[in-house]
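First to last, the protein sequences are chains A and B. Numbering-wise (our numbering), the first sequence opens with residue 1 and increments by one. Numbering-wise (our numbering), the second sequence opens with residue 1 and increments by one.
Among the hints, a few may not be true.
Unchecked claim - Straight-line alpha carbon distances no greater than 27 Å define the calculated DSS-like cross-link-like pairs of lysine-lysine that follow:
| no. | chain 1 | residue 1 | chain 2 | residue 2 |
| --- | --- | --- | --- | --- |
| 1 | B | K102 | B | K30 |
| 2 | B | K64 | B | K176 |
| 3 | B | K39 | B | K176 |
| 4 | A | K104 | B | K176 |
| 5 | B | K102 | A | K104 |
| 6 | B | K176 | B | K102 |
As the list claims (entries may be wrong) - In silico contact screen, one side only, chain A against chain B (beta carbon under 10 Å); selected entries:
| no. | residue |
| --- | --- |
| 7 | E71 |
| 8 | E84 |
| 9 | I85 |
| 10 | V86 |
| 11 | V90 |
| 12 | Y93 |
| 13 | V97 |
| 14 | P101 |
Don't read these hints as lab results, they were simulated from the structure. Small disclaimer: the values here were computed from a predicted structure and weren't measured. Glycine residues also receive a C-beta, built at the ideal position from the N, C-alpha and C atoms.
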Amino acid sequence: MKQLLPALLFVWLLLGTVPASATVTLEAFTFDTEAEELHFRDLIAEIRCLVCQNQSLADSDAELAHDLRAEVYGMVQEGRSDAEIVDFLVNRYGDFVLYNPPLKPATYLIWFGPFVLLAIAAFLLVRALRRQGQAPAAEISAAERKRLDAMLGRPAVHDKDNDA
Amino acid sequence: MARYLRYLVPLGIFAVLVAFLFRGLSLDPKLVPSPLVGKPMPAFSLTRLDDPGTTISDVDIKGKVAVLNIWATWCVSCRAEHDVLLQLAQTGQVAIYGLNYKDNRADAQRWLRQLGNPYIANAFDEDGRVGIDWGVYGAPETFVIDPQGIIRHKHVGPLTTEVLQTQLLPLIAKLKS
């Protein structure tokens, strides 16, 4: 219980903060439906602002972010698809604007690196465990066992139980 | 001997980590490679800074080795690089065009009168839409464009004499030959 409380608190904090920041937009864009608005916000939350590089297009207050939000809003209103809008930005600013990097040779390391490391770790773990299991059980002679029992103060009757 | 080799494994992992960090941390995160390098310059048509009545477009830039410099009067680094642009203009090696980005026309005209004008002509991009097409994310930025209108190089940040000598002038000389 003692460990559970901080964990719960942490989860609550996470749940509490994420939607709060995601609902903030800096302009008063108008949308016909709530679904459109959510769609727009999801889209700009996935795009990185080039000026404040650790902020998404949704969060940034940079001049360029204002311009690009307006640009994206215009394209959404025109009914352009997400792929078209993302292409528009990538053609101008490069893959850097995407928080979700596309799968291509230059990004193989990002996409597969963790799994390769996991596989290596799993292999090493399995090998270590196997070796431990195969380690020969210590063999001691009857005389040694007697001496051991004497040292441990065990009566020799228990020999049978200790055979395993 | 083989027994002790295993102790070198953590050292090896550490060396790899150091190599990655050394490379990663020495990169400047502000420098985002432009996808436009190697591609035709984006088309545009804007009014000239000195004359709202006439337009300037990408067609005017084509046909010679040219430099397009993105600048604004609100941009402090632009002021810092202005002397370097004047130097470049003085060499007579290249046609320098300007894209006056999200600026005030009167302020920009005064800037050129006071500091000197290295540009053949300036396009006035008031709302920054052309800037977006060119992938501008922070003035000053400088593009080198070949006679076919292909962007050959993009420099982000203020030009310095060193950048001029080691990057721009050699590239311009290469493109002209």
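Results of checking the hints against the structure:
Our distance criterion of 27 Å between C-alpha atoms is met by B:K102 and B:K30, whose separation comes to about 21 Å. About 8 Å separates the Cα atoms of B:K64 and B:K176, which keeps this hinted pair within 27 Å; it holds. Between B:K39 and B:K176 the CA atoms are separated by roughly 18 Å; this keeps the pair inside 27 Å, and the hint holds. Under the criterion of a C-alpha separation no larger than 27 Å, the hint pairing A:K104 with B:K176 is inconsistent with the structure, at around 35 Å.
Restraint check: the Cα-Cα separation between B:K102 and A:K104 comes to about 36 Å, which exceeds 27 Å; the hinted pair is violated. For the suggested pair B:K176 and B:K102, the alpha carbons sit about 32 Å apart, so the restraint of at most 27 Å is broken. Because the smallest distance between the Cβ of A:E71 and any Cβ of chain B comes to about 6 Å, under 10 Å, the interface hint for this residue holds. Of the supplied interface hints, the one on A:E84 is violated, with its beta-carbon coming no nearer than about 15 Å to a beta-carbon of chain B, more than 10 Å.
Given the 10 Å rule on beta carbons, the hint for A:I85 is violated: about 13 Å separates it from the nearest Cβ of chain B. With 10 Å as the threshold, the beta carbon of A:V86 stays out of range of chain B, its nearest partner Cβ sitting at about 13 Å, so the hint is violated. Evaluation of the A:V90 hint against chain B yields a held restraint, the C-beta minimum of about 7 Å falling below 10 Å. Interface hint status for A:Y93: upheld, as the beta-carbon distance to the closest one in chain B is roughly 5 Å, under 10 Å.
Look at A:V97: its Cβ gets to within about 9 Å of chain B, closer than 10 Å, so that hint holds up. Taking 10 Å as the C-beta contact cut-off toward chain B, the hint placing A:P101 at the interface is violated, the least distance being around 14 Å.
Hint check: violations occur at hints 4, 5, 6, 8, 9, 10, 14; the rest are consistent with the structure.
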